[in-house]
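Asker: The listed protein sequences derive, respectively, from chains A and B. Counting the first sequence from 1 gives a position; our numbering is that position plus 354. Counting the second sequence from 1 gives a position; our numbering is that position plus 354.
For the record, the hints were derived by calculation from the structure and aren't laboratory data. Note that the coordinates shown come from a computational prediction; the quantities given were computed from them, not determined experimentally. Note that beta-carbon positions come from the ideal geometry of N, C-alpha and C, so glycine has one too. You may find that some hints are simply not true.
What the hints assert, rightly or not - Derived coverage of chain A by chain B (criterion: at least 3 residues anywhere in the stretch with Cβ under 8 Å from a Cβ of chain B; other residues may be distant):
1. 387–397
2. 426–438
3. 456–469
4. 512–525
As the list claims (entries may be wrong) - Quick look at which bits of chain A chain B covers, simulated, 3 or more residues with Cβ under 8 Å:
5. 359–366
6. 377–384
7. 472–478
2 protein chains.
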Amino acid sequence: MTMADLPEIRPGEVALPGGIGATQDAGVVFIGRIRTPWKRGDCPRNIAAARERMSGGSAVDTAQRAWIELDPRFAPALTGLKPGQPLLLLYWMHNARRDLLLQAPRHVDAPRGTFALRSPNRPNPIAASCVTLLRIDPAAATLEIDAIDCFDGTPLVDIKPWIQMIDMPPGPADG
Amino acid sequence: MTMADLPEIRPGEVALPGGIGATQDAGVVFIGRIRTPWKRGDCPRNIAAARERMSGGSAVDTAQRAWIELDPRFAPALTGLKPGQPLLLLYWMHNARRDLLLQAPRHVDAPRGTFALRSPNRPNPIAASCVTLLRIDPAAATLEIDAIDCFDGTPLVDIKPWIQMIDMPPGPADG
């Protein structure tokens with residue numbers, strides 16, 4: 355991607371002077387792709403809206419399904435996953451800016467810090483979403499999920515079982 | 355880290371033949387470090403155990419606190435975060451193996467797929483945990499959190515506001 359493809363800076367937004375700099379403290383391998391019906395200009399505003407448009411993930415129309423195409427060499431790593439369980443997906447927002455400190459998305463009043471937003475624009479453009487696993491085909495290395503709000507072809511970085519103790523704030527009793 | 359430092363393969367575990375290969379589909383920048391009282395051989399078994407040992411994060415003894423030392427150039431990106439709010443942290447498990455497909459941790463009966471485990475050993479060793487923000491010092495670029503179960507000095511990859519709609523499985527009403 356060239357710099358020309360990056361989102362433009364809006365009024366009130368602040369970028370790191372000189373840009374993000376080197377981003378090679380560690381390397382990421384893309385383990386697959388997320389397949390969705392969404393492309394630029396026609397993406398639900400969030401995952402709840404994606405679920406609504408996918409009729410809860412049970413649509414028979416392939417055009418309204420969301421699934422993961424895993425790199426087949428990782429298929430054995432799916433062993434033990436069960437349909438119906440919640441998953442935490444990490445994926446790479448490859449069209450994002452990595453140098454923004456303050457951002458002014460349309461839904462907030464005043465510019466807000468990148469770490470106070472779920473914007474794809476962040477120093478490491480890794481998105482996280484909790485989805486439900488619907489079907490799993492280890493032979494094809496594919497997993498159908500209920501819904502997600504990213505573009506078709508988004509690179510996948512990780513699949514984790516969602517676990518309440520790790521992935522939810524502690525309740526008063528867990529203090 | 356040399357190969358000699360990697361965890362050994364246990365009986366029943368399966369690694370990718372030839373290793374993980376190139377991991378340069380994308381680059382990660384470490385945005386800070388997580389400071390904890392934990393080191394190898396003395397780390398709580400999970401985040402709930404870490405919370406217990408930290409007395410709910412309110413200990414006055416510095417040795418029992420957990421905090422983030424953010425790279426100061428990112429301090430403006432904290433704007434809008436509020437003490438008390440839950441955060442989703444992503445961090446890099448730099449002592450992990452990236453080539454394991456099936457793993458046999460002590461707490462499971464039979465080897466299980468990497469994507470069905472929260473083990474640090476995974477193709478992209480990025481851990482995710484939900485923590486509570488206790489205090490924030492933008493001038494020092496530090497954030498105190500309630501607890502976390504990683505080693506002192508673990509590299510930080512991202513800070514996100516935890517949002518129920520994105521980070522929890524949909525309820526029956528959210529269909």
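Asker: Next step is simple, just say for each hint if it's right about the structure.
Answerer: Hint-by-hint comparison with the structure:
Only when three residues or more bring their CB closer than 8 Å to a CB of chain B does the claim for the region 387–397 of chain A stand; here the count is 0, and the claim is violated. Note: the region 426–438 of chain A has 8 residues with beta-carbon separation from chain B under 8 Å; the three-residue rule is met and the coverage holds. A count of 6 residues in the region 456–469 of chain A with a Cβ less than 8 Å from any Cβ of chain B is obtained; the coverage claim is therefore met, three being the minimum. Evaluation of the coverage hint for the region 512–525 of chain A: fulfilled, as 12 residues show C-beta separations to chain B shorter than 8 Å, against a requirement of three.
With 0 residues bearing a CB less than 8 Å from a CB of chain B, the region 359–366 of chain A misses the requirement of three and the coverage assertion fails. Restraint check on the region 377–384 of chain A versus chain B: 8 residues with Cβ-Cβ distances below 8 Å, three needed, restraint holds. Coverage of a stretch by a chain is defined here by at least three residues with a beta carbon nearer than 8 Å to that chain's beta carbons; for the region 472–478 of chain A and chain B the count is 4, and the condition holds.
Against the hints set out earlier in the document, violations occur for numbers 1 and 5.
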